Amino acid sequence: MNLVFAIIAAVTVAAAVAAMTLRNLVHCALALAVAFAGIAAVYLQLGAQFVGFAQLLVYVGAVAILVVFAILLTRGSEQPQQSVLSSGWAAGIVVTLAVLGLLVFAIAKSSVIRSAAPTQPDVTVRQIGEALMNKFVLPMEVVGLLLTAALIGAVIIAMKEEGKK
Amino acid sequence: MADDLDQIFVTIAHSIVGLFPGLWQPVVSAIISISAIIGVFASLFAVTTVFERKGLGRIQNRYGPNRVGPFGFLQPAADGIKALIKEDVVPRSADKVVHFLAPLAVVVPAFLVYTVLPIGRNMVLADFDAGVLFFFAIGAATELSVFMAGWSSRNKYSLLGAMRAIAQMISYEIPLILSAVTVVMIVGSLSTTQIVAAQAGYHAIGLPNWFVFTPWGFAGFILFMIAATAETNRSPFDLPEGESEIIAGYYIEYSGFKFALFFLGEYMGMFAISGLGITLFLGGWHAPLAALEFIPSWAWFFVKLLAIIFVFIWIRGTLPRLRMDQLMNFAWKFMLPMALINIISAAIWHFMPPGYERWLVGAAIAAVSYVLLGLGLMHGKKLEKRTYRYAE
Chain L
1 MNLVFAIIAA
11 VTVAAAVAAM
21 TLRNLVHCAL
31 ALAVAFAGIA
41 AVYLQLGAQF
51 VGFAQLLVYV
61 GAVAILVVFA
71 ILLTRGSEQP
81 QQSVLSSGWA
91 AGIVVTLAVL
101 GLLVFAIAKS
111 SVIRSAAPTQ
121 PDVTVRQIGE
131 ALMNKFVLPM
141 EVVGLLLTAA
151 LIGAVIIAMK
161 EEGKK
Chain G
1001 MADDLDQIFV
1011 TIAHSIVGLF
1021 PGLWQPVVSA
1031 IISISAIIGV
1041 FASLFAVTTV
1051 FERKGLGRIQ
1061 NRYGPNRVGP
1071 FGFLQPAADG
1081 IKALIKEDVV
1091 PRSADKVVHF
1101 LAPLAVVVPA
1111 FLVYTVLPIG
1121 RNMVLADFDA
1131 GVLFFFAIGA
1141 ATELSVFMAG
1151 WSSRNKYSLL
1161 GAMRAIAQMI
1171 SYEIPLILSA
1181 VTVVMIVGSL
1191 STTQIVAAQA
1201 GYHAIGLPNW
1211 FVFTPWGFAG
1221 FILFMIAATA
1231 ETNRSPFDLP
1241 EGESEIIAGY
1251 YIEYSGFKFA
1261 LFFLGEYMGM
1271 FAISGLGITL
1281 FLGGWHAPLA
1291 ALEFIPSWAW
1301 FFVKLLAIIF
1311 VFIWIRGTLP
1321 RLRMDQLMNF
1331 AWKFMLPMAL
1341 INIISAAIWH
1351 FMPPGYERWL
1361 VGAAIAAVSY
1371 VLLGLGLMHG
1381 KKLEKRTYRY
1391 AE
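Top line first, the protein sequences correspond to chains L and G. Sequential numbering of the first sequence, starting at 1, is according to the working numbering. Sequential numbering of the second sequence, starting at 1001, is according to the working numbering.
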């Protein structure tokens, strides 16, 4: 663990905690954007340039904007009067601990950590593109079709109905 | 001699780095490059503001700034001092933290994108394998900072301006990226230096091997520059500011140096996206004629950049502002289909054998799609000479 990773991790975790605990919803969304950017920085630090930049482009550029728009268009940015902690926090802790225990158990049992750390592959964008277009062309096409269908569906839902007044 | 001049900045940077012990050299090298970029482009910003005001004055038949210094060229210094000593007014109900952070969040990405622009031979700060993607990824972060500025001011005009800006930026980002995709397809790389290298050399008739001189490249360049104008909120796409409707949009509640930072960020964004346009379509730092190659490469980059800035100023002084529905119709009904057709055109160009046939096919695709899409956009609209009832 080096210093750069420590700084990135601290910022990311702090932003994630802030996203959950701040009172103002827009502040939470902005903190979430910082957390997204922190994850992108982790990818970059691991040498995964393409994934890091795509994370920035998709999450900070698009998803964060979408979240902000959703907040502004639905319940407004007024601060909540009651506590941000929900009343069922005790049950929440139990569920969280259960999920954590399950994850730790699964990771400890898996064979991935027992095998030696793989040497870092030198992946270029060209290799990613060729893999997408040759080996994984069918999944990519299916995802593309799904997104197009979702887009058309969104337009149809948003369209005014002509007959009904 | 020409080579010495061409590499003069690289040599100077290397000799300065050589003065430091080995461990410090990467840090010193980065600091030198970063301060050079900030210094050069911030000075270009100062010069451009004078040129813009004088150019607009010329177009609008008035003088423009001519009092401070010779021909008014010290005006930016006066403006800067004024911005620094002005009171920084923050509205009482504003969200203090976000209001403070927003100008910084505008300026930092605007400077970050210069990392991947090759401004001369061997003069690029970081040659990423996915350089073009880096540019767009960092550029996308600007939208959030615009929202921060608009929302934190607690002013309905600034929120309206921010919403307009975000809608416009998201809409025009798609044609912007799609028109850049053609170049990435033909070069087969996202690295900016390789894209510039692919445009080296000259055609038989003396034209340089730039992508703008191909049918798909020409259409792509025009689409790219229109989308870039919208992306940087320049006139005629300056609805987010809209002085006559929403006063100044998302930076209405900013004063003093924070306002100057917004101004700086806007111009930095304009230079950066023009630089990317030069890199993708105008051959980067390559000279336009083989006989002119003795002029250093970095000079060519800045000559092209100033030419594009001149066109931006010219357009600003000439065209009226669009309406919101015109803006959206233009983005979704013209720019987007045109950019998609242009990608197909580039693919056909790639697979056809070299020769005049592919020029004809490419030009035909561009012309036919332009005419048909233009007719579609005009459909149902009466276009005739405007008649005035009272003014004549």
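Please keep in mind that the hints were generated in silico from the structure rather than gathered at the bench. Being a predicted model, the structure only gives us computed values, none of them experimental. Possibly wrong hints are sitting among the right ones.
Restricting the straight-line Cα-Cα distance to at most 30 Å, the calculated cross-link-like pairs of lysine-lysine (BS3-like) are [to be verified]:
(1) G:K1054 x G:K1082
(2) G:K1086 x G:K1156
(3) L:K160 x G:K1054
(4) L:K160 x G:K1382
(5) G:K1333 x G:K1381
(6) G:K1082 x L:K160
(7) L:K160 x G:K1086
(8) G:K1333 x G:K1382
Some chain L residues near chain G, calculated using beta-carbon distances under 10 Å [as the list claims (entries may be wrong)]:
(9) V17
(10) V123
(11) T148
Backbone N, C-alpha and C fix where the C-beta goes; we use that ideal spot for every residue, glycine too.
Distance restraint between K1333 (chain G) and K1382 (chain G), which requires alpha-carbon spacing of 30 Å or less: holds, 18 Å
CA of K160 (chain L) to CA of K1086 (chain G), is that 30 Å or under? Violated. K160 (chain L) to K1086 (chain G) sits at ~50 Å, over the 30 Å cutoff.
Given the hint that K160 (chain L) pairs with K1382 (chain G), does the C-alpha gap stay at or below 30 Å? Holds, at roughly 25 Å.
Checking one constraint from the list: CA of K1086 (chain G) to CA of K1156 (chain G), max 30 Å. Satisfied? holds, 24 Å
Does K1333 (chain G) pair with K1381 (chain G) here, judged by a C-alpha cut-off of 30 Å? holds, 15 Å
Proposed interface contact between T148 (chain L) and chain G, which counts if any beta carbon pair is under 10 Å: Since the shortest Cβ distance to chain G is 13 Å, the answer is violated.
Given V17 (chain L) was flagged as interface, is its beta-carbon under 10 Å from a beta-carbon of chain G? At 16 Å from the nearest chain G Cβ, V17 (chain L) fails the 10 Å test, so the hint is violated.
Check the hint pairing K160 (chain L) with K1054 (chain G) against an upper bound of 30 Å on the C-alpha distance. Violated - the C-alpha atoms of K1054 (chain G) and K160 (chain L) are around 48 Å apart, more than 30 Å.
V123 (chain L) as chain G interface residue, shortest Cβ-Cβ below 10 Å: holds, 9 Å
Pair hint outcome, K1054 (chain G) versus K1082 (chain G) [Cα-Cα no greater than 30 Å]: holds, 20 Å
When you check the alpha-carbon spacing of K1082 (chain G) and K160 (chain L), does it fall within 30 Å? violated, 51 Å
Going down the numbered hints, you'll see the structure goes against 3, 6, 7, 9 and 11, while the others check out.
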